Each structure stands twice: as C-alpha cells, then as structure tokens.
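A.B. asks: Take a look at the letters that make up each chain.
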Amino acid sequence: MTMSGSNTDSAPVVSLAGVTLCYRLAKLRTPSLKEYAIHWMRGVLSYEKLWALQGVDLCVRRRQRVGIVGRNGAGKSTLLKVVSGVLRPTQGTVSVKGHVAPILELGTGFDFELSGLENVYLNALLLGRSRTQIDEKRDEIIEFSGLADFIHSPIRNYSTGMLARLGFAIATAWVPDLLILDEVLSVGDARFVQRCESKLEEIREAGAAVILVSHDLSAVGRWCDRVLWLDAGRVRAEGQPDEVLARYIAAVEAG
Amino acid sequence: MIRQLYAYRDLIRTLVARELKVRYRRSAIGFLWTMLQPLLTMLVLQLVFATIFRFDLANYAVYALSGILFWNFFSQGITASMNSLRGNAPLISKLPVPKAVFPIATVLAGVVNLILALVPLFAILLVTGHPLRPAILFLPVSIALAALFTLGAGLLLSPLAVFFHDVVELVAVTLTLLMYMTPVFYPMSIVPERLRWLIRFNPIRSVLEVFRDPIYYGKIPPLSHISVTCGIVVVVLLLGAAFFRRSSDRIPLYV
Chain A
2 MTMSGSNTDS APVVSLAGVT LCYRLAKLRT PSLKEYAIHW MRGVLSYEKL WALQGVDLCV
62 RRRQRVGIVG RNGAGKSTLL KVVSGVLRPT QGTVSVKGHV APILELGTGF DFELSGLENV
122 YLNALLLGRS RTQIDEKRDE IIEFSGLADF IHSPIRNYST GMLARLGFAI ATAWVPDLLI
182 LDEVLSVGDA RFVQRCESKL EEIREAGAAV ILVSHDLSAV GRWCDRVLWL DAGRVRAEGQ
242 PDEVLARYIA AVEAG
Chain B
32 MIRQLYAYRD LIRTLVAREL KVRYRRSAIG FLWTMLQPLL TMLVLQLVFA TIFRFDLANY
92 AVYALSGILF WNFFSQGITA SMNSLRGNAP LISKLPVPKA VFPIATVLAG VVNLILALVP
152 LFAILLVTGH PLRPAILFLP VSIALAALFT LGAGLLLSPL AVFFHDVVEL VAVTLTLLMY
212 MTPVFYPMSI VPERLRWLIR FNPIRSVLEV FRDPIYYGKI PPLSHISVTC GIVVVVLLLG
272 AAFFRRSSDR IPLYV
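Sequence lines, in order, name chains A and B. Be aware that the first sequence starts at 2, since it is given in my numbering, and climbs by one per residue. Be aware that the second sequence starts at 32, since it is given in my numbering, and climbs by one per residue.
Rather than coming from a laboratory, the hints here were simulated on the basis of the structure. All values derive from a computational prediction rather than experimental measurement. Errors might be hidden in some of the hints.
If you anchor each label on the Cβ, the simulated ranges turn out as follows [to be verified]:
id: 1; chain 1: A; residue 1: R89; chain 2: B; residue 2: D87; range: 35 to 45 Å
id: 2; chain 1: B; residue 1: L201; chain 2: A; residue 2: E114; range: 28 to 38 Å
id: 3; chain 1: A; residue 1: R62; chain 2: B; residue 2: L269; range: 56 to 66 Å
id: 4; chain 1: A; residue 1: A207; chain 2: B; residue 2: L36; range: 52 to 62 Å
id: 5; chain 1: B; residue 1: L71; chain 2: A; residue 2: W41; range: 58 to 68 Å
id: 6; chain 1: A; residue 1: I39; chain 2: B; residue 2: N114; range: 24 to 34 Å
id: 7; chain 1: B; residue 1: L36; chain 2: A; residue 2: E198; range: 35 to 45 Å
id: 8; chain 1: A; residue 1: T94; chain 2: B; residue 2: C261; range: 35 to 45 Å
id: 9; chain 1: B; residue 1: L147; chain 2: A; residue 2: L51; range: 46 to 56 Å
C-beta: ideal position from N, C-alpha, C; glycine also.
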C-alpha cells in the first residue's frame, strides 16, 4: 500500500446514509411452505415489522476509530452486518471502499475437524483472500498466534484462548481498508488483549479505519476517536467519546 | 455474480476438498461405499427386473447402473445443496461471502463422487463384455450438462429450504415421484402408450439419456436431443440463478 495523500485520507471509507433495516417477521410464526401457501391463498398473510435500524448515517475515514455503544438489541450487530455487507439495508445507501475484514465473532468459519493450518486457509479464504496471498502470510499468522507447536493438530483440541488467538491472527494478517470488531477484545487474557490492541494500532497507522462494538466502555473511551450511541435502531448521539459515553452511562443508570 | 464467484474460486476448491475429506476421512469404507452402493442397488434391480419381471433389455445391469449413477448424482446434489445453506448458517450470517459458493461446492463434490462411481461401472462393462465405443469420450460433456442441471435445481431450491422448514421433506417426496417418472431402471418400451408423453416431456429424462447413450448404447446422442437438453439445462440454470440472486439478500435473515 502506498502512502495515501491527504485527498484519499479524507475520502470516507464507509458512508451510510439513511440506512433502515426492517426484518419481516411472519405473524403466524410458521415458516412452513404448506401453511404459507394456504395463508397466501386465503389472503391472510401478514407480517410484523421489526425496525432494527432506522435512518442511520455514518461516515468513517481512514485511520479513524469509531466505537459503537448501546443496549442489547439496540441494533449494533445489525449495523455491523450492514457495513460488512452481510445484510443489505431495506432503505438507504451503504458505500464501502476497499477491502473489509469483519470479525463479527472470532473464529467464524472454523472447522473443528480440520487442523489449525487448514483452518488458516479456510478462514482467510472466507475473508476473501486468495491462496497465493495466504501462502505469503501463513508463517506470519502462525507466529503471531503463537501456536506453531499445535498448528497441525485438529482445532477441536484447542482452548478458547487458542482459537481466539488464531482467529485474530488470521483476520489481522492483512491491512484491510476497514476492520470491524464485535466484542472481540473481551476474550483472552490481559496479555492477549494488549497484543491485540497494539496490532490494531499498527493496522490503523497503516491506513485502516476501525469500527468497534463493545460493552467495555472504558476500552471504547480509551481507544476510540468517536463514539456512536445506538438506541432502538436510531442514532441517539454521536461525537467525542467522553461526552457521548457520559450521556449513555447516565441514561443506562436512569434506566 | 459470476465475477464475484470467480474471485472466490480458491474458496470453492477448498470447500469441495473439505466435503470430500469429511466423507472419506473416517475410513476406507466411505470411499468404498461410493462405489459399492450403486452396485448393490444394481444387483437388487437386476434380480427383480431382469429375472422376475423380465424386461426385454440386453445387458440390463449396465442400463440400470448408468441410470442409478445419474439419479444418485442428481437427487443427492439437490438434497445436499438444500442442506448446504443451512449447514453453513454461521458463516452466512456473519461473513459477506457470496452464498452461491455453498451449493456450487456441493455439486462439484458430487461430480467427483460420480467420477469415482464410474470405476465400478467400467468394471461391469468389462466383465459383461459390453462394447466400449469411442462415443464414451462424450461422457464428460454429459456429466457437465448433468452438473449444470443439478446446480440450477439446487440454486432454485436451496433458498426455499432456508425460508421454509418443510421444503426438504416436500422435495424428498417429489424426488421419489420423479424417479418413477424417469426411466432410471425401466426401459421406455414398458410404459403404456397413453402415459408415454408424461415421461417423454420430463426434462430429467433428456439429461439422463444424454448421460446414458454413450455408456449403454455406445453412441453420441442425436444432435437434436443434445440441443433440446442444452436448452433445458440453460433454462433451469438461468431460472435457478435468477431466483437465488433475488433471494440472496434475505437468506442471512432466515438461516
């Protein structure tokens, strides 16, 4: 990657405008084709609409670190899925420039029957990397994960911490244009978290934008440049971490 | 869609390898079974139809076995495609992978199984002294057509299986019915005149005969027949791809 000039630096990596996402839940809660056909013929097909996101705007530029906070069910994970391209919004536009590395859960796509090394390939391929790219980075990944001695044994024998290390090593082996982390730093011991944070910093300095969801508010406050507070699918506040977090904490304490 | 899938070709290859490995890793039995299962079915059919009911067919074993191999490939391909989206639900709901890689990898793994299952077929050809003509070289084209046809059906049905839980059972019942409507193990000549149109207009029969002609009759199928079959395959594939694409955004909401 070349050093980007100020022009490309200020161009947003992610921009969301008026993003709305509506889950259509069948009211009769019977996802069976037979009943669907019957209800359809009788014209009694109805849905309950669940608005997971409503009119969300978001703009993230290179090297920015944006934290997202909110209660359970506020739409944080849905927002990350929209940004990473897993879900398409019902309304509004999403534009993401470049390569996205979403870690919505460490080790998504691990196959427990395969060895650590086989999983390095499978996982990185799922993240959109090519075999040649993985060949280049595999030693680095193994080294960062610290699992060189176990890399040929099946990962069903790994501990949670080992899986987390491997997953994180794979996802951060390349500098993406956007890195998305959902509660990822809450696993693993203090040393692992520290290594993750310095790795994140390294990736950010190389030009990546980072979006982070966490319930660990002190980590968000310490590490993010900007915080977005989601409440019932809407942006309740956005701005300086101290300010937004203080308002969020006050609201949570007020119930 | 095709360009995106091309970018994920390494992933498709890895998924195919994984599927085969899971099938054959446990023991040599898995590998042998691929070859033995159609042979045993053939023996049963041979016993029932060539001895008891007496079809007027030279070398019934080859006729039946080629039919069974085709039918197993087709029906297992459809069933496995339907399960492939559900089986990979954690990936589909967390990573922006093109969802079509899963049914594609499944059908490709089926092609490998079919090729392995050709080994006992050729053994039977040799043992029974069935003439092997140069037309056998047309078989790869037949297999390609069968694979694209199966993929089209799989793309059409796999999103439905995600949206409605009873689709897998409905398809299983339909497949049984379709098997009797396709000359898999009986010759067209035993079908009563007034019902013959029903079988003749069954598109699966066309694809089957393009597969069976080079093996059993030792001839390349007539050009008219090849053209009709190509037409059928293109229509099914386009329908399947269009429906899959249309439902693609909703798949992660339901898996």
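A.B. asks: Hints first: check each against the structure and report whether it holds.
C.D. replies: Hint check:
In this structure the hint that R89 (chain A) and D87 (chain B) lie 35 to 45 Å apart at CB is violated, the actual value being about 58 Å. As the Cβ distance of L201 (chain B) to E114 (chain A) is approximately 31 Å, the hint placing it in 28 to 38 Å holds. For the pair R62 (chain A) and L269 (chain B), the beta carbons lie near 42 Å from each other, so the given range of 56 to 66 Å is not met. Between A207 (chain A) and L36 (chain B) the Cβ separation comes to about 30 Å, which falls outside the hinted range of 52 to 62 Å.
For the pair L71 (chain B) and W41 (chain A), the beta carbons lie near 44 Å from each other, so the given range of 58 to 68 Å is not met. A beta carbon spacing of about 26 Å between I39 (chain A) and N114 (chain B) agrees with the range 24 to 34 Å that was offered as a hint. At roughly 37 Å, the beta carbons of L36 (chain B) and E198 (chain A) sit within the given window of 35 to 45 Å. Judged by the Cβ atoms, the range 35 to 45 Å given for T94 (chain A) and C261 (chain B) holds: they are separated by roughly 40 Å.
Take L147 (chain B) and L51 (chain A): their Cβ atoms lie about 48 Å apart, and the range 46 to 56 Å holds.
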